[in-house]
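Here is what each chain is made of, one letter per residue.
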Amino acid sequence: MKGLITMDDLTNEDILSILDDAARLLPVARGETYLPLLEGKILGNLFFEPSTRTRMSFETAMKRLGGDVVNLGDVKTSSVVKGETLFDTIQMVDGYTDIIAMRHPRQGAARYAQDAARVPILNGGDGAGHHPTQTMLDLFTILQSHGTLEGLSVVLAGDLRYGRTVHSLSHALVRFGCKLILASPELLRMPAEIIEDLREHGADVIETEDLLGNINDADVVYMTRIQKERFADEDEYTKVAGAYKLHARDVANVKAEMIIMHPLPRVDEIHPSVDSTRHARYFEQAFNGVVARMALLCRLLNIEVPAEIQGGEA
Amino acid sequence: MADEHNMRRVTAIRNGTVIDHIPSGQSLKVLELLNIARDTSVPVSLVMNVPSKKMGSKDIVKVEDRELTQTELDRLALVAPDSSIAIIRAYTVAEKLEVNLGKEVRNVVQCTFSNCITQNLREPLPHRLRVTSTDPLTLRCHYCQRPQDLDELIHNLL
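Respectively, the protein sequence lines represent chains Y and S. Just so you know, we're using my numbering here: the first sequence kicks off at 58 and counts up by one. Just so you know, we're using my numbering here: the second sequence kicks off at 50 and counts up by one.
Hints are not guaranteed to be accurate.
Unchecked claim - Partial list, derived from the structure: chain S residues whose beta carbon lies under 7 Å from chain Y:
1) Tyr140
2) Ala143
3) Pro173
4) His176
5) Val180
6) Asp198
Unchecked claim - The calculated label-pair distances, taken between Cβ atoms and stated as ranges, are:
7) Y:Thr295 / S:Lys103: 55 to 61 Å
8) S:Pro185 / Y:Arg306: 49 to 55 Å
9) Y:Ala364 / S:Gly151: 42 to 48 Å
10) Y:Gly234 / S:Thr120: 42 to 48 Å
11) S:Glu153 / Y:Glu286: 41 to 47 Å
12) S:Met104 / Y:Asp77: 54 to 60 Å
Hints in this document: simulated from the structure, not taken from any laboratory. Please read all numbers here as calculations on a predicted model, not as lab measurements. Backbone N, C-alpha and C define an ideal beta-carbon position, used for all residues, glycine too.
Next up, chain S with everything else stripped away, as it sits in the complex (with noise of 0.2 Å):
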C-alpha cells in the first residue's frame, strides 16, 4: 500500500520510465547521471525520501515520453544499483529492466585522479573504470589504477 500510495505522489505516466527504489536523496544525481537533468523537453516528476517497505526511505524518478536504453540505465549502478525500472506504454508497465553493472564501466565516468594519463580528454582511448567490489561499490581506473571516490566521480560524468 504504501509503495502505491507513494506512486500516487504524482500522476501516472502514459508513456516513459520509471525508476523504483533509488536511494534516499540520489534522485538528483540520477538525473545527472542520465544527462535528464539538462534536457528540457520532457517532463520529469521526483519523488523523494518516501516510505519503502524494503529500503526505509526511497526516491522515484518518472520521465515523460522517453524509454531509456539499457546502457543509459547501467550508469545508474554508480548511484542506485538496486534500483527497478519500468518502461510504461499507455499507462501500463509494458517491459522491466535491472540495472547491470558488468566488470567495467566504460565511458560514463572520467578517473578522479588529477594525474591520470586521461586527464586530457584529447585521448582517444575510452575511460575504463574496472569494478573491483559490488557490495559495496568500489571502483579502480583501468590506467592508473587509482580507486575512485564515488561522491567525486559523480562530478567526473562524461
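For reference, chain Y alone in the conformation it holds in the complex (with noise of 0.2 Å):
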C-alpha cells in the first residue's frame, strides 16, 4: 500500500489491522500519555477547499505523537491562485514532507496526486468522489459501538448524490457484510455507479425515500447533510430536507444499541434533543477521527504501533 485514496487501496484485514491500531492509540489521541512514534517526519496539508475536522485532526494526530505539520495555508494567497498545477504543487511539496493529506474540489484530484508523488498520499477528500480516512472514523466507531463489522443493517441518509463520505462509507460496509438501506430524495440518489459497485460485491441494497420508516431495525443510522444549494428554489428543498431530520421523539423504538452517526458539520438534520440519548455517536465519531489518523499516518509510513502502549486500553 503506498497511501489512501479510496478504500481499494485497504483490504478487510488491513481496515481491522489499522482499527486495532487505532483502540491502543486512544490514551495518546487523549493527551494521557506520549508516544513519539512519528518524531522527525513531517505531513505536509493541502487543503485546497475549506476543511475544519479533517485538517485539524490530521494536525492533532501528527502531533500527539511527535510529528510536525506544515501547511498549503489559504489557497487564495497560494500558488495554486498564480495557476500553478496540481501536479507541480505535487512536486513541490513532495520534497518537503514524508506524507501528505489533501482536500481538492476536483474528483479524481487524490488519485492524480498520488501518481505524481514519490510519498504516500491520504486523500481527505476529492470532489464528490471519496474520503477514506474519513470511513476508517466511521468504522472506528461503528467498531467501537457494536463490537464488530460484520452483517450490521445500516441506514445511510441524506445526501447520497454529492456525500464523499458515504461513498467510500459504503464501499466498506458491504465488504463486510452489512445490509445497506439508502434513504435519499430522489434528486440526491446515490450515484448508478456505485449502487452497480456495490451490487457486484454482492451487497443488500435498498434505496428508498422513507428515512423513518426504516430506523428501527437498524443497528446504524448514518446521517448526512442536505445542502440548500442543491436544489432549484428554497421551497422544494424546505420540502425535501424536512423528511431527513431525527427528533429524539423518533427514536422511541429503535434498537437499544442503534447509533447515530454524522460526519458534521450538521445543520438541522439531527435535533439537539437527540444529542443526550444513547444513541448519539457523532462527537465521539469526530473525537475518533484523530485516533483513526494517528493509525493510518504510522502504517503508511512504516511505523509500528506497540503492541502495548502505558496507559493503553484495548
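Work from the hints to combine the two standalone chains into their complex.
Dropping the structure here:
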C-alpha cells in the first residue's frame, strides 16, 4: 500500500488491523500519554478547499505522535492562485514532507497526486469522490459501539449523491457483509455507478425515500447534510429536507444499541434533543478522527504501533 | 461475393490502409478518431451501410498512401473494436492487423466528467481510461473513476 485514495487500497484485514492500532492509540490521542512514534516526520497538509475537522484532526494526530506539520495555507494566497498545476504543487510538497494529506474540489485529484508523488497521499476528500480517512474513523466508531463490523444493518440518509463520506463508507460496509438502506430524496440518490459497484460485491442494498420508516430495525443510522444549493428553489429544499431530520421522539422505538452518526457539521438534520439520547455518537465520531488518522499515519509511514501502550486500553 | 462487390464500390488502392467491418454509420467517427478528417493531403474513400455477411451492414474506409500504425489503429477500439485492417502495398494485402484495446486507453481521449482533475489540460500526467468490460465496451477514468459515455467520449479526442 502506498497511499490511501479509496477504500479499495485497503483489504478487510488491513482495515481491522489499523482499527486495532487505533484502539491502542486512544490514550495517546487523549493526551494521557506521550508516544513520539513519528518524531522527525513531517506531514504536508494540502487543503485546496475548506476543512475544519479533517485538517485539524490530521494536524492533531501528527503532533500527538511527535511529528510536525506544514500547511499549504489559504489557497487564495498560495501559488495555486497563480495558476500552478496540481502536479507542480505536489512535486514541491513531495520534496518537503514525508506524507501528504490532501483535499481538493476536483474529483480524481487524490489519485492524480499519488501518481505524481513519491510520498504517500492520504485522500481527505476529492470533489464528490471519496473520503476514506473519514470512513476509517466511521468504522472505528461502529466497531467501538457494536464490537463488530460484520452483518450490520446500516441506514445511510440525506445527500447520498454528493456526499463523498457515504460513497467511501458504503464500499467498506458491503465488504463486511452489511445490509445498506439508502434513504435519500430522488434528486440526491446514490450515483448509479456506486450502486452497481456495491451490487457487484453481492451487497444487499435497498433504495428508499423513507428514512423514519427504516430506522427501527437499524444498527446504525448515518445522517448527512442536505445542502440548500442542490435545489432549484428554497421551497423545494424545505419540503424535501424536512423528511431527513431526526428528533429524539423519532428514536423511541429503535433498537437499544442503535447508534446515530454524522460526519458533521450538522445544520438541522439532527435535532439537539437527540444529543442526550444513548444513540448519539457524532461527537465521539469526530474525536475518533484523531485516533483513526494516527493509526493511518503510522501504517503509511511503516511505523509499527507497539502491542502495548502504557496507560492504554484495548 | 457481397464483400467483393462492396470493396469495388470504390477503386482499389495502390498503397495505404483499408479498414473493413466498421459498424454501420461509425465510419465518420473512425475518420475523426484517426485525425484523418482534418488531414487534407491524403485521398480517403468511404463506403457506408453496405451489406455484410458477418454484420448485416457495415462501413469501409480506405486511406491512400498512409500506413496507419498499431497505436493509431488501437484508437479504433472505441467505436469499431471488431474491425479488420489491411495494409496495402502495390495493390496487394501486405499485412493484416487487429484492433487491440488492452486494459487501458492512454492519451487518446479526455474523461467526460466536467469536474475531473484532468479537465485542466495543463496538468501533465497522461489521460487514462480503464477498460472495465469489452462487450459491451465500458470505460472508467483512472483518476475520478466515473464511467464514460461512449457517444460523448468521441467528442473528447485529444
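Going by Cβ atoms only, is S:Ala143 closer than 7 Å to chain Y? At 40 Å from the nearest chain Y Cβ, S:Ala143 fails the 7 Å test, so the hint is violated.
Holds or violated: S:Tyr140 as interface residue toward chain Y, Cβ cutoff 7 Å? violated (47 Å)
Using the Cβ atoms, figure out if Y:Gly234 sits within 42 to 48 Å of S:Thr120. Holds - the Cβ-Cβ distance for Y:Gly234 and S:Thr120, about 45 Å, lies within 42 to 48 Å.
Per the hint of 41 to 47 Å, is the separation of the Cβ atoms of S:Glu153 and Y:Glu286 within bounds? At roughly 36 Å between Cβ atoms, Y:Glu286 and S:Glu153 fall outside 41 to 47 Å, so the hint is violated.
Against chain Y, with CB atoms and a cut of 7 Å, does the hint on S:Pro173 hold up? holds (5 Å)
Return holds or violated for the Cβ distance of S:Met104 and Y:Asp77 against the range 54 to 60 Å. holds (58 Å)
Close enough to count: is the Cβ of S:Val180 nearer than 7 Å to one in chain Y? This hint is violated: S:Val180 lies away from chain Y, its Cβ roughly 15 Å from the closest one there, beyond 7 Å.
Hey, does the S:His176 contact hint survive, CB to chain Y under 7 Å? violated (11 Å)
Between Y:Ala364 and S:Gly151, does the C-beta distance stay in 42 to 48 Å? Given about 46 Å between the Cβ atoms, the range holds.
Against the range 49 to 55 Å, how does the distance between the Cβ atoms of S:Pro185 and Y:Arg306 compare: consistent or not? Check passed, 50 Å falls within 49 to 55 Å.
Can the hint on S:Asp198 be confirmed by a CB-to-CB distance to chain Y that is less than 7 Å? Check failed: Cβ of S:Asp198 comes no nearer than 12 Å to chain Y, outside 7 Å.
CB of Y:Thr295 to CB of S:Lys103, is that within 55 to 61 Å? Since the Cβ atoms of Y:Thr295 and S:Lys103 sit about 59 Å apart, the hinted range of 55 to 61 Å holds.
When held up to the earlier numbered hints, the structure conflicts with 1, 2, 4, 5, 6 and 11 and fits the remainder.
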